[in-house]
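Asks: So you can see what is in the structure, the chains are spelled out below.
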Amino acid sequence: TQLLEQSPQFLSIQEGENLTVYCNSSSVFSSLQWYRQEPGEGPVLLVTVVTGGEVKKLKRLTFQFGDARKDSSLHITAAQTGDTGLYLCAEPNAGGTSYGKLTFGQGTILTVHP
Amino acid sequence: EPEVTQTPSHQVTQMGQEVILRCVPISNHLYFYWYRQILGQKVEFLVSFYNNEISEKSEIFDDQFSVERPDGSNFTLKIRSTKLEDSAMYFCASIRPGLTPGNEQFFGPGTRLTVL
Numbered sequence: 001t002q003l004l005e006q007s008p009q010f011l012s013i014q015e016g017e018n019l020t021v022y023c024n025s026s027s028v029f030s031s032l033q034w035y036r037q038e039p040g041e042g043p044v045l046l047v048t049v050v051t052g053g054e055v056k057k058l059k060r061l062t063f064q065f066g067d068a069r070k071d072s073s074l075h076i077t078a079a080q081t082g083d084t085g086l087y088l089c090a091e092p093n094a095g096g097t098s099y100g101k102l103t104f105g106q107g108t109i110l111t112v113h114p
Numbered sequence: 001e002p003e004v005t006q007t008p009s010h011q012v013t014q015m016g017q018e019v020i021l022r023c024v025p026i027s028n029h030l031y032f033y034w035y036r037q038i039l040g041q042k043v044e045f046l047v048s049f050y051n052n053e054i055s056e057k058s059e060i061f062d063d064q065f066s067v068e069r070p071d072g073s074n075f076t077l078k079i080r081s082t083k084l085e086d087s088a089m090y091f092c093a094s095i096r097p098g099l100t101p102g103n104e105q106f107f108g109p110g111t112r113l114t115v116l
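Read top to bottom, the protein sequences are chains L and V. Heads up, the first sequence is in my numbering, so the first residue is 1 and it goes up one at a time. Heads up, the second sequence is in my numbering, so the first residue is 1 and it goes up one at a time.
No lab work stands behind these hints: they were computed from the structure. This structure is a prediction, so every number in the text was calculated from the model and none was measured. All C-beta atoms, glycine included, are put in the ideal place defined by N, C-alpha and C. One or more of the hints may lead you astray.
[Stated by the list, open to error] Below, computed lysine-lysine pairings styled on BS3-like, alpha-carbon distance capped at 27 Å:
1) V/K78 - L/K57
2) V/K42 - V/K83
3) V/K57 - V/K83
4) V/K83 - L/K70
5) V/K57 - V/K42
6) V/K57 - L/K56
7) L/K56 - V/K83
8) L/K70 - L/K59
9) L/K70 - L/K56
[Unchecked claim] Just a sample of chain V residues kept apart from chain L, beta carbon distances all over 12 Å, derived:
10) Q14
11) E18
12) D62
13) P70
14) L84
15) E104
16) G110
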């Protein structure tokens, strides 16, 4: 079973600061997704990365996929209080026989203080 | 915008009781999933369902668990005899491959199950 290690587990920063969250595996990812989850809601997809070395931007969020497809990072520039939440990396179809099954990392709880 | 809905939002039950968690996936989706998230732990896959049958289940999904899609609309998760360790948030999700970039899996808001 693919294990996804996320770090840090907790991140508490001031508004305006930058931050980076990491997702690593000992095995090669087929693809990787980043989700954001707010309290009382289900995860919502932010991005899917597929190609080694890929960089995707979503406003102030920058997602990188490592060249060897064994790691990924999420960088937030000038964090805002609205960025507070749980950030999850997940690999679709990590083994098994069913399409789309997601294996999640343990998540990073981000708190942005005003 | 279409969304996955789940009921109830919170279910409290006594140990040993049966519970049914209900989900209405997005109408044109084809694959359906249940996940759970124990407080403070990661989201874990339980089961996937396609073409009216289970396509994969995890070790967590033992004989006490079952899923049904009885009417082409609802997708239910039944726990026959709940245990304390079943207390968790249960998320339903659905997907239609090719519909969105990255084959986005759409999650419901979850049902918080508390077993006393």
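Asks: Would you mind confirming whether the straight-line C-alpha gap from L/K70 to L/K56 stays at or under 27 Å?
Replies: holds (17 Å)
Asks: Does V/K83 lie within 27 Å of V/K57 when you go C-alpha to C-alpha?
Replies: holds (19 Å)
Asks: With 12 Å as the threshold, tell me whether V/Q14 passes as away from chain L on beta-carbon distances.
Replies: At roughly 24 Å from the nearest Cβ of chain L, V/Q14 sits farther out than 12 Å, so the non-interface label holds.
Asks: Looking at V/E104 again, its CB stays over 12 Å from all of chain L?
Replies: violated (5 Å)
Asks: CA of V/K78 to CA of L/K57, is that 27 Å or under?
Replies: Measuring from Cα to Cα gives roughly 40 Å; hence the hint is violated.
Asks: Does the claim that V/E18 lies off the interface hold, with its Cβ farther than 12 Å from every Cβ of chain L?
Replies: About 24 Å separates V/E18 from the closest Cβ of chain L, which puts it past 12 Å; holds.
Asks: Given the proposed pairing of V/K83 with L/K70, does the C-alpha separation stay at or below 27 Å?
Replies: Distance of about 37 Å is beyond 27 Å: violated.
Asks: Checking a non-interface call: every C-beta of chain L should be farther than 12 Å from the C-beta of V/P70. Is that right?
Replies: holds (21 Å)
Asks: Given the proposed pairing of L/K70 with L/K59, does the C-alpha separation stay at or below 27 Å?
Replies: holds (25 Å)
Asks: Is it true that the CA of V/K42 sits at most 27 Å from the CA of V/K83?
Replies: Roughly 19 Å separates the two Cα atoms, so the pair holds.
Asks: Is it the case that V/D62 keeps its Cβ farther than 12 Å from each residue Cβ in chain L?
Replies: holds (17 Å)
Asks: Taken at face value, is the distance from the CA of V/K42 to the CA of V/K57 at most 27 Å?
Replies: holds (17 Å)
Hints 1, 4, 6, 7, 15 and 16 from the earlier list are contradicted by this structure; the remaining hints agree with it.
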